[in-house]
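Chemist: Residue numbers (my numbering), protein chains in the order written: chain A, 1 to 82; chain B, 1 to 138.
Hint data in this document are derived by calculation from the structure and do not stem from the laboratory. Mixed in with the good hints there might be a few duds.
[Claimed, not checked] Think about it this way: if two alpha-carbon atoms lie no more than 27 Å apart in a straight line, the pair counts; the simulated DSSO-like pairs of lysine-lysine are:
#, chain 1, residue 1, chain 2, residue 2
1, A, LYS50, B, LYS132
2, B, LYS64, B, LYS84
3, B, LYS84, A, LYS77
4, B, LYS41, A, LYS29
5, B, LYS64, A, LYS50
6, B, LYS50, B, LYS120
7, B, LYS132, A, LYS29
8, B, LYS64, A, LYS55
9, A, LYS77, B, LYS64
10, A, LYS50, B, LYS84
11, A, LYS77, A, LYS50
12, A, LYS29, B, LYS120
13, A, LYS55, A, LYS39
14, A, LYS39, A, LYS50
15, B, LYS132, B, LYS84
16, A, LYS39, B, LYS64
17, A, LYS39, A, LYS29
18, A, LYS55, B, LYS41
19, B, LYS47, B, LYS84
20, B, LYS120, B, LYS47
21, A, LYS39, B, LYS41
22, A, LYS39, B, LYS84
23, B, LYS120, A, LYS77
24, B, LYS50, A, LYS77
25, B, LYS47, A, LYS50
26, B, LYS41, A, LYS50
27, A, LYS77, B, LYS132
28, B, LYS41, A, LYS77
29, A, LYS77, B, LYS47
30, A, LYS29, B, LYS84
31, A, LYS29, B, LYS50
32, B, LYS132, A, LYS39
33, A, LYS50, B, LYS50
34, A, LYS77, A, LYS39
Chain by chain, the residues:
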Amino acid sequence: MYSREIDGQILTLSASGWTYRNTFVLYDKETESLWYHLKGDDGLTCIAGKFADRKLPELNSVLTRWNTWVNSNPESKFLMNQ
Amino acid sequence: MKKLWYMLTTAVLVWGWLACSSSTSSGEDVPPAPVVQQENKIYIVDKTGKRWDVTHAEERYGMKASQFQFGLGPNAIPPINNPKFVQAGDLDFPDPNETFLVIGTRMRGEARAYPLFIMKTHEIVNDVFEDKHVAIGY
């Protein structure tokens, strides 16, 4: 999970349709900058576009199983199929 | 006759398996991105004809334009921008004994879970916790 706020602007992130070394390359709809999770880095780095070299920091999240998650977070909300 | 049928079926199955296994092995078989160079800029062109300037990615990060893959276009994997949630007690809330994988997070005092089976088809969820705008990626 990443922040998508930069210089007071809110970005809408999306898959660009590209992958690089089997990792999705993201872009933001507002500026069409490309964002990529560089190896060994935390957060996304803008590799091309208006925000070149800027970062979107990584935020805490866990990959776990639903039963484990909901047992320790019984009030958790759950994303619906849209 | 039965034997011949058996042999033919086996041959078709083996051929099919070979064809599948060679086309599913990693990204190696995906053709390199078409690269266009123009006025000291380097572009990759996706399947919709859209050009992406990757000059900075090459010069600053040593990425190779031709190693970008797929180029399905920006609308191929639509993100979820106004996510809707259910909670305990709602009809669609999953059984707490289910063991599928989720990305879980807690922000601004609220816990949310994003199942991978939804994340796989959208890649990104653009969400907000009170005033904090975040993107959940898979």
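Chemist: Can you confirm whether the C-alpha distance between LYS77(A) and LYS132(B) stays at or below 27 Å?
Modeler: OK: LYS77(A) and LYS132(B) at ~17 Å, within 27 Å.
Chemist: Would the hint linking LYS64(B) and LYS84(B) be met if the CA-CA limit is 27 Å?
Modeler: Distance of about 39 Å is beyond 27 Å: violated.
Chemist: Check whether the Cα positions of LYS41(B) and LYS77(A) lie no farther apart than 27 Å.
Modeler: 46 Å, violated
Chemist: Below or equal to 27 Å on CA atoms is what counts here, so check LYS47(B) against LYS50(A).
Modeler: At roughly 23 Å apart (the allowed maximum being 27 Å), LYS50(A) and LYS47(B) satisfy the hint.
Chemist: Checking one constraint from the list: CA of LYS64(B) to CA of LYS50(A), max 27 Å. Satisfied?
Modeler: Holds, because 20 Å separates the two Cα atoms, which is no more than 27 Å.
Chemist: Hinted pair, alpha-carbon criterion (27 Å max): LYS29(A), LYS84(B). Please report holds or violated.
Modeler: Answer holds: LYS29(A) to LYS84(B) is near 21 Å, not above 27 Å.
Chemist: Does LYS29(A) pair with LYS50(B) here, judged by a C-alpha cut-off of 27 Å?
Modeler: 14 Å, holds
Chemist: Hinted pair, alpha-carbon criterion (27 Å max): LYS29(A), LYS120(B). Please report holds or violated.
Modeler: 20 Å, holds
Chemist: When you check the alpha-carbon spacing of LYS50(A) and LYS132(B), does it fall within 27 Å?
Modeler: 22 Å, holds
Chemist: LYS77(A) and LYS50(A) were given as a pair; does the straight-line alpha-carbon distance stay at or below 27 Å?
Modeler: Measuring from Cα to Cα gives roughly 35 Å; hence the hint is violated.
Chemist: Is the hinted pair LYS120(B) and LYS77(A) satisfied, with a Cα-Cα distance of at most 27 Å?
Modeler: 19 Å, holds
Chemist: Is LYS47(B) within 27 Å of LYS84(B), Cα to Cα?
Modeler: Violated, at about 31 Å.
This entry does not satisfy hints 2, 9, 10, 11, 19, 22, 24, 28, 29 and 34, going by the numbered hints stated previously.
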